[in-house]
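Undergrad: Chain order of the listed sequences is A and B.
Quick note on the working numbering: the first sequence kicks off at 298 and runs consecutively.
Quick note on the working numbering: the second sequence kicks off at 298 and runs consecutively.
Treat the hints with caution; some may be incorrect.
Covered stretches of chain A, as calculated for chain B (at least 3 residues, CB under 8 Å) [unchecked claim]: (1) 308 to 321; (2) 330 to 343; (3) 444 to 453.
In silico EDC-like pairs for lysine to aspartate or glutamate, Cα to Cα no more than 20 Å straight-line [claimed, not checked]: (4) A/Lys-543 / B/Asp-407; (5) A/Lys-450 / A/Asp-302; (6) B/Lys-543 / A/Asp-302; (7) B/Lys-329 / B/Glu-427; (8) B/Lys-450 / B/Glu-467; (9) B/Lys-584 / B/Asp-525.
Bear in mind the hints are in silico, worked out from the structure with no lab data behind them.
C-beta: ideal position from N, C-alpha, C; glycine also.
2 protein chains.
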Amino acid sequence: MQPFDVHILGCGSALPTRRHMPSCQVVNLRGKLLMLDCGEGAQLSWRHTGLNWQNITHILISHAHGDHVFGLPGLVSTMGLLGRTAPLYVHGPASLHAFIDCVLHDFCRDLSYELRFQPVDTTAHQLLFEDRSMEVWTLPLRHRVPCCGYLIKEKPGLPHIRREMIDFYEVPVWAINRIKAGDDWTAPDGTVVPHQRLTTPPDPVRSYAYCSDTMAFAELAPWIQGADLLYHEATYASSEGALAEKYGHSTALQAATIAHAAGVKRLLLGHFSSRYDDEDILLNEAKAAFPYTSLAREGLCIHL
Amino acid sequence: MQPFDVHILGCGSALPTRRHMPSCQVVNLRGKLLMLDCGEGAQLSWRHTGLNWQNITHILISHAHGDHVFGLPGLVSTMGLLGRTAPLYVHGPASLHAFIDCVLHDFCRDLSYELRFQPVDTTAHQLLFEDRSMEVWTLPLRHRVPCCGYLIKEKPGLPHIRREMIDFYEVPVWAINRIKAGDDWTAPDGTVVPHQRLTTPPDPVRSYAYCSDTMAFAELAPWIQGADLLYHEATYASSEGALAEKYGHSTALQAATIAHAAGVKRLLLGHFSSRYDDEDILLNEAKAAFPYTSLAREGLCIHL
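Looking at chain A on its own, in the form it has when it is part of the complex:
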């Protein structure tokens, strides 16, 4: 299967700790890299992923709080120092525009590539962009400021060739891509072999939902129904439910309840409050409602 990997570069919340970096993830979908949020130190953690800077095509920012944004200036500058030429698309709430313009003006005058900022409507669930490999959808979240999650859906790939049938019918190599694309095969003697007999169906499509920061709300579930993986913030344990509500965050149990309602395959908790030296309390509270839960940690890579 082609890769669809989620790399966790940071899963802490606003206050820095010795254990966590601020929010940042990289999704590798068939070799294209999307960054989700860009907390301070993103470019430093990046070096440990072994991924190629130049393959980042889009950076998706959830909201304009520093712990999701302050890695952008360094990352943008460094890609310039490294001679990037392909445009870089940065999506996020419109309020980020001034900050990005300031960074570009004051620190990146001779940038070797074009940064294209595209403001996101954080109030609508809609298709943000697509290419041959994926669709990216917005997920309106509920936080103290305009905030948006992202749903990354793989597009169907091509069917797989059945090697033994190709050999049997002596199909030449030049015809293979056409058969994958849906053409039947006409043998030299005029026999028509339906393409379905020569192939097996493509791999099932996979999807990943990134939801940080947000208070838990039931309307999220249908948008992320059946996702292979849901990253949902779980800033607090249930004992801090009042804080979660006050600051527009979720408890681990609330995140698990959404995961259950949405019928996702797996739940990954993150955006941990600095008060927890050990997040097992969050894990245990979540597992009570949704067993397929794990904790994010820096360096983790989940293969979908």
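Since chain A is already given, all that's left is putting chain B on it; use the hints.
TA: Just chain B now, kept in the frame of chain A:
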């Protein structure tokens, strides 16, 4: 002796590596903390120093290149989240003003303390500020953009009381501070004891010169004459002397030549180019001209 410590939080140059953080140091002079430059990740590295955030009084920025500045937004925000109330003075080239204003406006609207930006004249060697413990002087450097080093000079402390003389003359406790401040002691019988007989001289004053980024230039030496420690950038080995000149940097040998000319006690090299997996080549080239040289590294703390 009261502390005069230099903590190295980062000593790499612009391109991030797995080995070094971008430029940042903290000077602890008698419990007051000055930060020198603030590269990305400063607040993350800070957690490992064990120092108290609230004791940072001044941040001194050398120049407006990202690898010396991009840690500021996070640090400033975090001190607000932690409820700082004392004003924070940030000194640096005037071109930083817009960036700081943008960060404050877009991310720190409810900051619990006042950030006072004070533009620095990077063309003059002059007293920047002083208090009871120290003087801070500017060191005009030569780089591609306006750039300024800093010389931190301890002020003389008070003399030390000679315990045995105090006992001998039966000097009461209430008189001690006056004697330290220079008053003679008049005993109940009218005898006048000169304060010099009751004290030993204060500790010798110490100084630290921070010079990054700069091409090497001989006029620097008299300003930092006899410093206890000189941190001088040494981005390149001698084989890359042409690059050093082109980009306004120094070779390790050039840094050592300045250290020798200035008669400093020790030289600390830093701002290493990402091309070196091992900076021993820089150390060896420098030691040929100035033996009392060492390499900076993250986590290093030098006690003056």
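Undergrad: Hints first: check each against the structure and report whether it holds.
TA: Quick rundown of the hints versus the structure:
1. As drawn, the stretch 308 to 321 of chain A meets chain B at 7 residues by the rule of a beta-carbon pair under 8 Å; at three or more, the given contact holds.
2. Proximity of the stretch 330 to 343 of chain A to chain B, defined as three or more residues with a beta carbon under 8 Å from a beta carbon of that chain, is established by the 5 residues found.
3. Three residues within the 8 Å Cβ limit are the bar, and the stretch 444 to 453 of chain A against chain B gives 0, so the coverage statement is violated.
4. With a C-alpha separation of about 16 Å, the suggested pair A/Lys-543 and B/Asp-407 falls inside the 20 Å cut-off, and the hint holds.
5. Only pairs whose Cα atoms come within 20 Å are accepted, and A/Lys-450 paired with A/Asp-302 is accepted, the gap being roughly 12 Å.
6. For the hint linking B/Lys-543 to A/Asp-302, the alpha-carbon distance of about 42 Å lies beyond 20 Å, and the restraint is violated.
7. Using a Cα cut-off of 20 Å, the hinted pair B/Lys-329 and B/Glu-427 holds, with the two alpha carbons roughly 12 Å apart.
8. Among the hinted pairs, B/Lys-450 with B/Glu-467 is inconsistent with the structure: their alpha-carbon atoms are about 36 Å apart, more than 20 Å.
9. A distance of roughly 17 Å separates the Cα atoms of B/Lys-584 and B/Asp-525; the hinted pair therefore holds under the 20 Å criterion.
In this structure, the hints that do not hold are numbers 3, 6, 8, in rising order.
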